[in-house]
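S.K.: Residue numbering for the sequence shown follows the working numbering, starting at 403 and increasing by one per position.
Simulated from the structure, these hints should not be mistaken for lab results.
Possibly wrong hints are sitting among the right ones.
Label pairs and their calculated CB-CB ranges [unchecked claim]: (1) Arg607 - Val572: 42 to 48 Å; (2) Pro574 - Arg431: 32 to 38 Å; (3) Ala529 - Lys619: 17 to 23 Å; (4) Phe499 - Lys619: 37 to 43 Å; (5) Trp584 - Pro616: 32 to 38 Å; (6) Gly539 - Pro574: 38 to 44 Å; (7) Leu590 - Val495: 38 to 44 Å; (8) Leu590 - Met457: 17 to 23 Å; (9) Pro616 - Pro413: 38 to 44 Å; (10) Ala420 - Leu498: 17 to 23 Å; (11) Ala427 - Ala580: 29 to 35 Å; (12) Arg607 - Gly432: 19 to 25 Å; (13) Ala412 - Leu447: 33 to 39 Å.
This structure is a prediction, so every number in the text was calculated from the model and none was measured.
Beta carbons: idealized from backbone N, C-alpha and C, even for Gly.
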Amino acid sequence: MHVPDGFLDAPTSIATAAVAVGGVALALRGARRELDDRTAPMAGLVATFVFAGQMMNFPVAAGTSGHLLGGALAAVLAGPWTAVLCVTTVLIVQALFMADGGITALGTNIDLMALVGVGVGWLVFVAVRRVLPTRLGSVAPAAAVGAFLSVLAAATLFSALFALGGTAPVSPDRVLVAMLSWHTVIGLGEAAITALVVGSVVAVRPDLVHGARPALKARTLEVRRPVTTVRTEPAPTAPAGDTA
403 MHVPDGFLDA PTSIATAAVA VGGVALALRG ARRELDDRTA PMAGLVATFV FAGQMMNFPV
463 AAGTSGHLLG GALAAVLAGP WTAVLCVTTV LIVQALFMAD GGITALGTNI DLMALVGVGV
523 GWLVFVAVRR VLPTRLGSVA PAAAVGAFLS VLAAATLFSA LFALGGTAPV SPDRVLVAML
583 SWHTVIGLGE AAITALVVGS VVAVRPDLVH GARPALKART LEVRRPVTTV RTEPAPTAPA
643 GDTA
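Assemble the whole structure, with the sequences as input and the hints as a guide.
M.R.: This is the structure in structure tokens:
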């Protein structure tokens, strides 16, 4: 998913960079509402895990491999705004120090994996979570669905950007078919990893999982109807010897 230098023309790269700058600026403001002294360490752990996950490729087919995008995973664990910053930081480090993704394509990669990956993953997660029962066991399955669809959304956006400003002599239709077919398989791996990680953290420390807060709140505020006892008084009896 990391787009290299020169894969998109200059106007497309500039436009995606402008969108990335605006999105990250909004994330900086939004993250202030998500982070506090207790949850800030989770953001660092999430960024570290996404960095490691993106550096590890798993085989998809002959000559093809995929890696974790981590957008939905980061959003569920740390919150959507914080997740955008985590994934953006990872992409900047990879582009500058590891030549993984182009410098001129950094805005494109941020749009694909940080903005779309996180945004779609989080919105789908919230939608699925509302359908499922409000309990901690629903967090991991909802995160898995969000992760799967976030990968397909990022692949679709890349295909659209390539159709607008791609420099390689390949038909946009072929790019779309190839991206969606391979990333369907990659999305299944993303969903499995996301469900495993989110489920493990929820089982140990659900209070640190941003996406588990509604379930925790519902469990804490559960109101049990009090049991009332009805006292019955004995019926009055006539005094002995009282005659009409």
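S.K.: Going through the numbered hints above, which ones does this structure break? Give me the numbers in ascending order.
M.R.: Result: hint 7 breaks, nothing else.
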